[in-house]
Each structure stands twice: as structure tokens, then as C-alpha cells.
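Enquirer: Here are the chains, one letter per residue:
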Amino acid sequence: MGRAGADARATVGALTCQDRLFARESTAPLPVPSPHPYLSSPQFVPYPYPYAYRRSQEQHVTETALDAALFIRWMQAAAALVDREAERLTELDSPIGDADHGSNLQRGFTSVAKALESEPPAAPGAVLTTAGRQLISTVGGASGPLYGTLLRRAGKALGDAPGVTAEELQAALRGGVDAVAQLGGSAVGDKTMLDALAPAVEALGTSFADAAEAAEKGAVDTTPLQARKGRASYLGERSIGHQDPGATSSALLFAALAEVTA
Amino acid sequence: MKMLMNVPESVVGDALRGMAAAHPDLVVDVEGRVVVRRDAPVAGKVALVSGGGSGHEPLHGGFVGPGMLDAACPGEVFTSPVPDQMVRAAAAVDSGQGVLFLVKNYTGDVLNFQMAAELAEDEGVQVASVLVNDDVAVVDSTFTAGRRGTGATLFVEKLAGAAAEEGQPLDRVEALARQVVENSRSFGVALSACTTPSKGTPSFDLPAGELEFGVGIHGEPGRERRPMMTSREIADASVGAILDDWQPRGPVLALVNGMGATPLLELYGFNAEVQRVLAERGVPVARTLVGNYVTSLDMAGCSVTLCQADEETLRLWDAPVQTPGLRWGR
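Protein chains in written order, with this note's numbering: chain A, 1 to 262; chain B, 1 to 330.
Keep in mind the hints are simulated off the structure, nothing from the lab. Ideal placement from N, C-alpha and C gives every residue a C-beta, glycine not left out. Be aware that one or more of the hints could be misleading.
Here are the simulated distance ranges between beta carbons [stated by the list, open to error]: (1) B:320 with A:117: 45 to 53 Å; (2) B:4 with A:224: 38 to 46 Å; (3) B:288 with A:91: 39 to 47 Å; (4) A:91 with B:272: 38 to 46 Å; (5) B:201 with A:83: 20 to 28 Å; (6) B:329 with A:224: 52 to 60 Å; (7) A:16 with B:208: 50 to 58 Å; (8) A:118 with B:10: 21 to 29 Å.
Based on the sequences and whatever the hints tell you, model everything.
Expert: Right, here's the structure in full:
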């Protein structure tokens with residue numbers, strides 16, 4: 001409970017709720033949420049992921065700097081893929097969720113594409129933070145804060161450099177994935193987004209195509225798992241046999257990245 | 001599935017426009033997705049803000065008004081609202097005495113309200129949050145997202161709302177809300193699945209002759225599937241599940257809640273059975289509310305919520321309330 005900003009409070013005293021609703025714009029930056037209580041519980045299985053990070057001189061991704069224009073194309077490609085796959089995502093969300101993952105992400109990525117078009121950021125980091133902010137403000141549900149945090153955290157790590165290497169992107173996304181795990185109090189194997197994100201980020205060390213493939217495989221491999229987080233967890237064993245919609249949409253993000261870097 | 005709507009995308013906005021037209025004592029920000037009591041901010045009063053996915057009406061927008069919530073933030077159908085909504089609502093209703101967020105325990109609601117609380121505090125609003133998690137159907141809570149918030153939300157909003165209306169300070173209202181959560185338990189069953197506007201077909205397949213036992217309020221299937229039971233058997237099993245989990249000390253408030261598509265005729269009949277079981281189990285009932293209050297779109301079925309009530313609880317329950325969904329006293 002913060003008591004900071006008592007002065008700001010005093011200045012709005014005379015306004016009615018109507019004045020306040022229709023005559024204000026929030027410009028406050030989004031805070032980074034505090035860790036989920038699950039983190040301090042004995043059930044929490046911390047990193048490292050079971051996927052070892054392999055890297056060698058031979059298997060090194062391109063050293064070419066990736067620029068803001070490419071990141072914008074990435075987000076646009078993601079929006080197009082989400083749009084194309086929306087029905088399938090909703091279909092997957094139907095037996096173990098509430099049949100809205102596709103429409104929620106569609107709304108979110110449409111607004112991401114719009115925001116990036118109207119004011120294209122100059123740095124890759126800014127592209128990701130803008131996209132993350134849009135997702136938090138438009139998606140709702142758990143996916144909004146989780147995807148938003150993934151992209152915002154990665155974007156912040158990239159800072160305002162005009163170009164980044166694939167290696168820097170990998171490190172930034174790894175931080176984003178850690179933040180998602182923290183926020184959701186989940187780990188790989190819980191049948192969540194992480195099951196696609198974690199292997200994809202590790203595979204980024206070899207190539208974008210490998211990352212897309214690892215994400216897709218991670219998503220498919222959630223099928224035999226029992227959900228331990230999110231709404232599907234209420235189903236217990238009945239969640240087994242269904243592919244996780246969040247992991248599936250996470251794979252789309254990496255499919256889009258592979259598409260624009262091919 | 002036929003539905004009374006224009007297009008799925010406009011269902012929530014259309015409902016908000018309709019609410020605005022029907023309830024002149026509410027201010028409805030259709031664009032910003034916030035419902036506020038017209039006389040907010042009320043000087044000297046702690047403000048209560050809740051919200052969650054749409055599809056549970058009258059929860060939460062129908063509980064905005066004197067004696068209950070100051071504002072509600074409706075998300076898309078079964079999707080938690082976004083932080084911007086709660087920040088907007090908090091700024092609109094804060095009188096300087098602080099804002100209490102009442103949050104149902106779903107991963108999405110928890111994450112979005114948590115982000116909103118931090119944002120609102122950055123803007124100088126003092127925020128406290130209370131999590132509602134009353135659904136005993138979720139047993140293995142270590143390996144799930146925890147007990148869901150269902151019927152007890154109504155009790156928390158009414159009782160904390162009455163305490164705030166009396167002028168109690170934020171820490172007291174927060175403590176009371178927490179106590180109500182601790183003293184409440186719910187259990188629900190579904191006789192049919194519900195249909196979300198965006199999907200247009202039932203959320204799960206429930207054969208005739210079966211029911212979902214221990215169901216949530218988002219069309220998610222329940223704890224297990226059982227052959228169809230009579231009202232008497234459902235009351236025995238539901239109240240039994242609650243009392244196996246927890247024994248109230250003293251009298252209770254009872255909510256016999258419809259999931260949206262179950263007629264009052266059936267709900268009253270079910271209430272008779274619930275009262276019978278409670279009498280048999282030695283639990284005195286101080287007040288009963290029967291109706292569709294925490295719903296799941298067009299799902300058929302019911303839930304029972306019990307809340308242990310002391311004298312203060314009863315005084316706060318009986319206090320006047322003027323909202324679209326609950327209205328008595330004065």
C-alpha cells in the first residue's frame with residue numbers, strides 16, 4: 001500500500017467521477033509486477049529449464065544486426081498469423097479453457113500492428129515494449145499480462161540500440177521468458193506458454209528456423225501433459241490429451257520471426 | 001445457437017449502452033469499459049472497485065451503487081478486464097480515502113488487478129486488494145491455480161460495501177472483506193454447458209442424463225461428471241461438499257444461486273432442499289438469497305454459497321443497498 005503521491009490526490013478533489021472518467025489520459029509507465037507467491041512455495045521448481053543451452057562456434061546464428069523495421073515486420077507477421085489461426089486457437093481453448101484465446105489475441109495483435117504503423121519506433125527494443133504495452137491494454141485474461149510482460153521485458157533488455165544481434169535478442173527473450181515464469185508462477189511442463197517459449201529461446205542459439213520448429217514441437221508436446229496452471233488446471237487429469245492453446249500461440253510468435261528472417 | 005445479439009464483438013459494449021439507458025444513477029463509460037455510481041467520489045468514503053470477465057451478470061456492474069460497489073470493470077466475455085480499466089475506475093471513484101480492489105481468484109484477474117494496483121498507486125491512489133477464493137470444488141489446490149472466486153463475491157461486495165458506506169477506513173473494510181472470504185464456501189453444478197458469443201456452440205459436451213459436479217462459472221467442466229441427480233440429491237451433495245471442507249460456527253447467510261438458465265421455480269425448489277440439509281446438519285440459516293446473481297451466460301445449474309455470519313455481518317447484510325442487482329432498505 002503506497003501513500004506516495006498525496007499531492008496528486010489533493011488536486012483532483014473537486015472533480016466528479018464523470019469529469020475524471022472522460023477528461024483524463026494515463027501516461028504512467030507500467031510497473032513490473034511483483035513475483036507471484038507461488039515462487040516462495042515448496043512446489044515451485046526453479047530454472048534451469050530441462051533444455052540445456054547449447055552453443056558452439058559452428059552453430060552460430062547470423063551476426064547481421066536486426067533493426068527496428070525487421071522487428072515491426074515480425075510483429076506484423078505475428079498479427080497476420082494470429083489472425084489466420086484465431087479460429088484454431090479458440091478451438092483448442094474450448095475443451096480446456098473458455099474458447100476465447102483466438103479472439104483475445106486477435107484483438108491484441110491487431111492493436112499492436114495498428115500502434116506500430118501509426119508511430120513506428122526507431123529501435124527494436126521500443127518495438128517490443130510498444131507491442132507489450134498494447135497487449136496488456138487490450139487482451140485481458142492471463143494472456144494479456146503474460147505476453148505483454150514477455151515482450152516488454154525483452155524490449156527493455158534491448159534498450160534503445162538501433163540494431164541488435166540474434167544473440168542479444170536471444171538473451172533478451174530469455175529474460176522475458178523468465179519474467180513470464182515468475183509472473184505466472186509456472187515452470188516448463190505445467191502445460192503453459194512456457195512449454196513452447198523455453199525450447200524456442202534455447203534453439204535461437206542455432207537459427208530462427210530451429211527456434212520456430214522447437215516452439216511448434218513444444219506446443220504439440222503439451223498434449224499428454226496435465227495442466228498445473230491457469231484455467232485448464234481445474235480440469236485435473238481431464239486436461240490430458242489436449243494441446244495447450246497458449247503454447248500454440250507462443251509458437252506462432254516464433255513462426256513469424258522465422259518468416260521475416262528467412 | 002441462437003443469441004440475442006448483433007455481432008459477437010459488440011456484445012459487451014451493447015450491454016453497457018443498455019445499462020446506461022436503464023440506470024440513470026450509474027455513469028457508464030462504454031468506451032473505457034467502466035461502470036461507476038453517479039455520486040462518486042463519495043466524500044470520506046473508501047471506494048470499492050471490482051471487475052472480471054463479462055457473462056456473470058448481474059455481477060459486477062449490477063452491484064454498483066450505494067451500499068455496494070463504487071465501480072465495476074467488465075472485461076470481454078469470460079476474459080478479465082485490462083489494467084487500464086481498473087486504473088480509470090480507481091481514479092474516478094477515489095475520494096482520498098483509498099480504494100479496495102475485490103478480485104476473484106482467476107489467473108487473469110489476479111495479474112491484471114495486480115498491475116492496475118501498482119499503476120493506480122503511481123498515480124497517488126491508495127489501493128488495497130482482497131482475493132475471493134471460495135469454491136471448494138477445486139480440491140487439489142497445490143497443483144491448480146487455486147480455489148476459484150464464485151458466489152462469495154456477492155457477500156464480499158455487499159458486506160464490505162455496507163462497511164464502506166458507514167465510513168469505516170480502508171484497513172477495516174479490507175480486513176472485513178478478508179474475513180468474509182475466509183468465512184465463505186461455495187459449490188456448483190451444471191446441467192448444461194454455456195455458449196460464448198464468440199464461439200457460438202456449447203463450451204463442453206454434456207450428454208442428456210449427466211451433470212457436471214463441481215463446476216466453475218466460465219463454462220469450464222467441473223470436478224467430475226455424474227449421472228443426473230434430483231434436486232434433493234444435488235442439495236445433499238453440494239452442501240455436503242461444503243461442510244466436508246469447513247464447519248461454520250453459528251448461523252450462516254445462504255446464497256442459492258442460478259447459473260443463468262435455471263428458472264426461479266427450480267431454484268426455489270432447490271432452496272427448500274438446501275434448507276433441509278442445513279437443518280439436518282445443524283447449521284442455522286440467518287438470511288437466504290435466491291436468484292441468478294453470479295451466472296455463467298446461459299448455463300443451466302446452480303450453486304450454493306454459505307457465509308458464516310455474526311451480528312455485525314447481519315447488520316451489514318441488512319443495511320440499505322441501491323444497485324440494479326440488489327436493492328433493499330431505506
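Enquirer: Is the distance from the Cβ of residue 288 (chain B) to the Cβ of residue 91 (chain A) consistent with 39 to 47 Å?
Expert: Taking Cβ atoms as reference, residue 288 (chain B) and residue 91 (chain A) lie about 41 Å apart, which means the hint holds.
Enquirer: Does the Cβ distance between residue 16 (chain A) and residue 208 (chain B) fall inside 50 to 58 Å?
Expert: 53 Å, holds
Enquirer: How does the Cβ-Cβ distance of residue 329 (chain B) and residue 224 (chain A) compare with 52 to 60 Å: does it lie in that range?
Expert: 55 Å, holds
Enquirer: Between residue 91 (chain A) and residue 272 (chain B), is the Cβ distance one that fits in 38 to 46 Å?
Expert: 42 Å, holds
Enquirer: That 20 to 28 Å hint for residue 201 (chain B) and residue 83 (chain A) (C-beta), does it hold up?
Expert: With Cβ atoms ~21 Å apart, the hint holds.
Enquirer: Looking only at beta-carbon atoms, does the pair residue 118 (chain A), residue 10 (chain B) fall within the given range of 21 to 29 Å?
Expert: 24 Å, holds
Enquirer: At the C-beta level, are residue 4 (chain B) and residue 224 (chain A) separated by a distance inside 38 to 46 Å?
Expert: 41 Å, holds
Enquirer: Can you let me know if the beta-carbon spacing of residue 320 (chain B) and residue 117 (chain A) is within 45 to 53 Å?
Expert: Since residue 320 (chain B) and residue 117 (chain A) have Cβ atoms about 52 Å apart, the given range 45 to 53 Å holds.
The earlier numbered hints are all upheld by this structure, with none contradicted.
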